[in-house]
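Let the hints inform the model, and build the full structure from the sequences given.
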Amino acid sequence: MAQSIQSQTPDSVTDISWQSFVRDWGSDQRTFKHVPWGKAMMWIFLLSDTFIFGCFLIGYMSVRMSTVEPWPNASEVFALNMFGHDLPLILIAIMTFVLISSSGTMAMAVRFGYAKNRKMTTLLLVITAVFGATFVGMQAFEWTKLIEDGVRPWGNPWGAPQFGSTFFMITGFHGTHVTIGVIFLLIVARKVWRGDYDTGRKGFFTSRSGSYDIVETTGLYWHFVDLVWVFIFAFFYLW
Amino acid sequence: MAQAQAHTEGQQHPISIYLWIWFLLFVLSAFSYAVDYYQLQGMLRWSLILIFMVLKAGFIVAVFMHMMWERVALIYAILLPPLFILVFVALMAFESDYTVGTRLVFFDASP
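Which chain is which? The protein sequence lines are A and B, in order. Numbered by our numbering, the letters in the first sequence go through residues 131 to 369 in order. Numbered by our numbering, the letters in the second sequence go through residues 5 to 115 in order.
Please keep in mind that the hints were generated in silico from the structure rather than gathered at the bench. The structure displayed is predicted, hence computed values, not measured ones. Any given hint might turn out to be false.
[What the hints assert, rightly or not] Only part of the chain A face toward chain B is listed, based on derived beta-carbon distances under 10 Å:
1) D145
2) T180
3) V193
4) N211
5) T226
6) A237
7) R241
8) F335
[To be verified] Sample of chain A residues at the chain B side, in silico, Cβ under 8 Å:
9) I146
10) D154
11) T161
12) H164
13) I188
14) Y244
15) L253
16) L350
17) H353
18) D356
19) F361
[Claimed, not checked] Label pairs and their calculated CB-CB ranges:
20) B:Y80 / A:A245: 39 to 49 Å
21) A:R338 / B:G46: 53 to 63 Å
22) B:Q16 / A:W155: 22 to 32 Å
23) B:V93 / A:A245: 38 to 48 Å
24) B:I89 / A:F271: 24 to 34 Å
25) A:W369 / B:F88: 15 to 25 Å
26) B:L84 / A:G333: 26 to 36 Å
For every residue, glycine included, the Cβ atom is placed at its ideal position computed from N, Cα and C.
As structure tokens, this is what we get:
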């Protein structure tokens with residue numbers, strides 16, 4: 131039985147033909163083969179989250195295109211005076227590098243997780259969480275500065291009032307995602323450090339034992355947060 | 005097949021590929037920042053922003069999120085639906101164009 135299934139759906143990861151797609155979806159079995167259920171569910175959740183952020187960015191595009199007032203120049207609004215120079219967007223650039231670095235450490239944490247290297251996995255997960263917390267801290271600083279400058283969801287000193295509402299909504303929602311991610315990372319780091327995925331200790335919430343797949347699932351969420359930032363950086367700050 | 009073997013034991017890929025992508029993302033982000041720093045404008049600015057954005061997003065999804073090593077059943081299921089967002093973008097672009105047109109007519113404001 132297992133043999134015949136195997137021959138029907140060859141386990142070739144490099145099979146990128148559409149026939150492979152049809153075979154998997156029409157197999158009358160689980161569709162996502164060789165993928166832990168948690169990972170498939172995380173991907174489907176991320177797909178729905180993609181639509182949420184997509185709607186936010188489309189809303190931003192609509193109000194920016196339809197306003198008759200000038201849009202504030204992000205390059206100047208987010209400039210900071212550092213080392214005696216007014217550097218455009220410098221804080222946002224640093225935040226981008228911090229978030230990319232956290233994605234790098236996360237990817238390595240997944241790798242060490244599957245190698246069952248508990249010490250390195252925990253360390254890298256904690257470093258990722260620290261980068262994430264740094265990002266949220268910088269965002270709090272950015273919000274404080276803008277609020278002091280007079281930016282409100284209903285208006286700002288430089289032009290179209292929609293600037294404030296879209297800014298607070300989009301970066302606020304993204305920052306919330308990062309915050310949740312940091313909490314999620316710390317929970318998983320604690321579980322890895324304690325050896326839950328080796329001893330089969332049951333989770334406090336799910337009452338099921340997990341495996342190192344969970345590090346990868348957490349990683350997917352974390353990389354998604356970085357991915358959303360790529361789009362926010364391009365459309366909100368650079369455009 | 006080495007790749008298929010690695011796949012069945014979970015996603016295990018050499019650290020070097022992650023470091024390499026990390027480095028590329030740094031470089032691409034620096035390029036994006038340079039677009040603003042040097043105040044490039046017009047079509048050049050927008051096309052560069054989009055190119056760097058798509059490349060960064062592609063690297064993150066393909067390598068960091070392991071999509072390039074997944075089966076097509078998952079790749080298509082996750083990556084095709086977001087294309088509908090582009091349809092939505094087109095619809096709202098038309099709509100916004102109409103809105104700004106009517107605003108200009110009725111408020112008699114100059115953009």
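Verification of the hints:
no., hint, result
1, D145, "7 Å, holds"
2, T180, "5 Å, holds"
3, V193, "8 Å, holds"
4, N211, "15 Å, violated"
5, T226, "5 Å, holds"
6, A237, "4 Å, holds"
7, R241, "6 Å, holds"
8, F335, "23 Å, violated"
9, I146, "6 Å, holds"
10, D154, "3 Å, holds"
11, T161, "6 Å, holds"
12, H164, "6 Å, holds"
13, I188, "5 Å, holds"
14, Y244, "4 Å, holds"
15, L253, "14 Å, violated"
16, L350, "6 Å, holds"
17, H353, "5 Å, holds"
18, D356, "6 Å, holds"
19, F361, "7 Å, holds"
20, B:Y80 / A:A245: 39 to 49 Å, "30 Å, violated"
21, A:R338 / B:G46: 53 to 63 Å, "55 Å, holds"
22, B:Q16 / A:W155: 22 to 32 Å, "27 Å, holds"
23, B:V93 / A:A245: 38 to 48 Å, "42 Å, holds"
24, B:I89 / A:F271: 24 to 34 Å, "31 Å, holds"
25, A:W369 / B:F88: 15 to 25 Å, "22 Å, holds"
26, B:L84 / A:G333: 26 to 36 Å, "33 Å, holds"
Violated hints for the displayed structure, listed by number in ascending order: 4, 8, 15 and 20.
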